[in-house]
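Undergrad: The residues making up each chain are set out below.
Number of protein chains: 2
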Amino acid sequence: MNIKDYIEHVGRAARAASREVAAASTAAKNAALHAMAAEIRAGRDELIKANLRDVEQARSEGLDAAMIDRLTLTAKGVEAMAQGLEQVAALPDPVGEITELKRRPSGIQVGKMRVPLGVVGIIYEARPNVTADAAALCLKSGNAAILRGGKEALASNQAIAACVREGLAIAGLPESAVQVLETTDREAVGHLVAMPQFVDVIVPRGGKGLIERISREARVPVIKHLDGICHVYIDADADIDKAVRIADNAKTQRYGTCNTMETLLIDQAVATRVLPRLAKIYFDKGVELRGCEQAMALVPQIHAASEEDWATEYLAPILSVRLVDGLDSAIAHITKYGSQHTDAIVTENYSKALRFLREVDSSSVMVNASTRFADGFEYGLGAEIGISTDKFHARGPVGLEGLTSQKWIVLGNGEIRS
Amino acid sequence: MNIKDYIEHVGRAARAASREVAAASTAAKNAALHAMAAEIRAGRDELIKANLRDVEQARSEGLDAAMIDRLTLTAKGVEAMAQGLEQVAALPDPVGEITELKRRPSGIQVGKMRVPLGVVGIIYEARPNVTADAAALCLKSGNAAILRGGKEALASNQAIAACVREGLAIAGLPESAVQVLETTDREAVGHLVAMPQFVDVIVPRGGKGLIERISREARVPVIKHLDGICHVYIDADADIDKAVRIADNAKTQRYGTCNTMETLLIDQAVATRVLPRLAKIYFDKGVELRGCEQAMALVPQIHAASEEDWATEYLAPILSVRLVDGLDSAIAHITKYGSQHTDAIVTENYSKALRFLREVDSSSVMVNASTRFADGFEYGLGAEIGISTDKFHARGPVGLEGLTSQKWIVLGNGEIRS
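Keeping their order, the protein sequence lines are chains A and R. 1 is the number of the first residue of the first sequence in the working numbering; add one for each residue after it. 1 is the number of the first residue of the second sequence in the working numbering; add one for each residue after it.
So here's chain A without its partners, still in its complex pose (with noise of 0.2 Å):
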């Protein structure tokens, strides 16, 4: 069979199976999803094999100590891919919810019913993990799954894939309800993502160029995550304390995540009893500092930043500062420079707090609280299949819901129109 058959043979079986899986009770779906939490357990030790394979295939080729570190499975990783498909388990079930019922004059009562998608095809790198929690989400959701794993994790994710398999056979649920590409040529993705007829969504997960290369080809809707630069902004009536510690946080806590800051805007104001103690904080834990003009007379240590910085996702030990004029600069700043990701005030005015709130057109906008909370298990969603920067359908944090949308239903007795 050449690629594109097998594509669409895989295709074909989704949208067959989404079907009964879009049918199949909370009971059913949850029953899958122990006892696949049960055969990862129970494979453990041909799992850490198979990924052994993949480890030693990537040593040998090479790749970097950071990749095969999101590529090793240990005993542990084992055991937390388990329990993330247990916590899946426990979610409330998102589908046939009815919400809005309201009775219309004509007689009838219009609501909505929350359904899935269909089919999901999710495309992702290195970490084998994904595999179970995409094959979770979506299956909790109602959703059939084509999965695409990288190709340096290809023996690990089929270990996976035959214990999702084998769950989902003990639930009564078609095992064609999740679905791992045996094939990880660039072709497949090509075709994957141009079959609107078999598949409703596409969800890329990975580098910048996976996800431009997708919205490129693509046929289908794609949930998009693009650049991550996120800004706190110190507001001329913050609080310095809580200021203080939520930009420490917001950059430090993690550098390589997308939704650590990358640039802080300070209030002109009150610069100069926050830009010094921030950057003693920021210079003893070896962040470099990039500034304004105004920023570098404050604090001699901060070098020149190109207006290149301000568009730039660090993801690193790195952070741009600029010295603003009051809360208009500073949502002026972020809608020139911000990708729409995270922003955050820090403030105690209650009418700068409500116009940063709704002026600013990012997927999270937050009040005093560091942008690293911008995440599907801080948010209360269990888990994410990723992070939503565009406006259509689902923004920020994606989680069951975000693998669903709802129809129209209808109440009536008889009613006609007339």
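One or more hints might be untrue.
The list makes no distinction among identical chains, and a pair is therefore deemed to hold if it is satisfied within one copy or across any two copies.
Subject to a maximum C-alpha distance of 25 Å in a straight line, what follows is the list of computed BS3-like cross-link-like pairs (lysine-lysine) [unchecked claim]:
#: 1; residue 1: K242; residue 2: K224
#: 2; residue 1: K112; residue 2: K102
#: 3; residue 1: K151; residue 2: K224
#: 4; residue 1: K112; residue 2: K285
#: 5; residue 1: K242; residue 2: K4
#: 6; residue 1: K352; residue 2: K102
#: 7; residue 1: K352; residue 2: K112
Keep in mind the hints are simulated off the structure, nothing from the lab.
Following the hints, position chain R against chain A.
TA: Same frame as chain A, now just chain R:
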């Protein structure tokens, strides 16, 4: 200026205006809508004069009577347009609505805020009243709009646009919040749908050819409305009087609308009681019936249906009729031949009603009501910008809420992530 530069110029102005209308108060938006209505009423004679130019041009080009009817603006039509604007002003403002605010173990409160999509592009055909309707819905939902009407209605649309601009100016809102393209060149549409930096969503309102072309060329999300192959299934446990009333209304109340029934499915167990009665009603109203062999055996005047009939949206006094072997067969038929638009079951059986509601994957699913109710006004949306047959984002009639998205908001008190 060439067409590409012109469309980019319009797009840039729309993006800038979108920030202002997103932040505009409900009072300012409503003032603009009332001012537009007043301008339209005051400009009635000029509107009708401009429309007459379009109509004369259309006649000289030999457009058919139905097209000219849709194009023509009467004094009554002008008043209806003004009232439509006032009705949108009376709808609740969806922007800024905060829901689901919950406190998390970390101390932060997490919730969702409803926000505009940004810039909405609407591409439509003959009816000039769409210009006012679309402007109103986009403005009220806090979006900037770029409207591209049909070439037949160019003079009418420009005259309406002048009233809309004047209304915006009176309320102190930017005139480029609603821009009606001054060209109807096909090339303009190609550019409009491929500018993700300036346009957030495209709503095509028109024939299938237009929608398919736009879906193919678009680089931004499209709220698509494809076929309406709607079904009524009369179950074995149906109340026969309700069934006859609904099946009559769903087909014959209007033939040319997308929510009109195109295929009637009847459980074999009740076919003798319901089909001859219905056939008489249909024949009296001049509806041609095309059926399966069993249907033909019951009512000899029924013609044979071909495989193609089951997948046809007639938009005409033709109905296909099939006898089925219970609920599963009915759902299987709808899944195979339907267009996921609107489908209804007539039954008094509780479990079958719930199964139909859940398992039929259409944007509107009904129990004991006519498919003709699938409409923004009947659903209480106040107005609709279109009907979506997609699953992503909004399904079914799209009102103000479908032109918005939800972002996450976090209300903290100095919390940091540990």
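Undergrad: Does each hint hold? Answer for all of them.
TA: Going through the hints against the structure:
With identical chains, the CA atoms of K242 and K224 are never at most 25 Å apart, being 33 Å at best within one copy and 47 Å at best between copies. Within a single copy, K112 and K102 get their C-alpha atoms as close as 10 Å, and across copies as close as 22 Å, so both meet the 25 Å cut-off. When the C-alpha separation of K151 and K224 is checked against a cutoff of 25 Å, the pair qualifies only within one copy, where the shortest distance is 21 Å, while the shortest distance between copies is 36 Å. Taking the shortest Cα distances, K112 and K285 never come within 25 Å of each other, neither inside one copy (51 Å) nor across copies (35 Å).
For a Cα distance limit of 25 Å, the shortest separation of K242 from K4 qualifies neither inside one copy, at 56 Å, nor across copies, at 49 Å. In this assembly of identical chains, K352 and K102 lie within 25 Å of each other by CA distance solely across copies; the values are 22 Å between and 37 Å within a copy. Taking the closest pair of Cα atoms, K352 and K112 come within 25 Å of each other only across two copies (19 Å); inside a single copy the shortest separation is 36 Å, beyond that limit.
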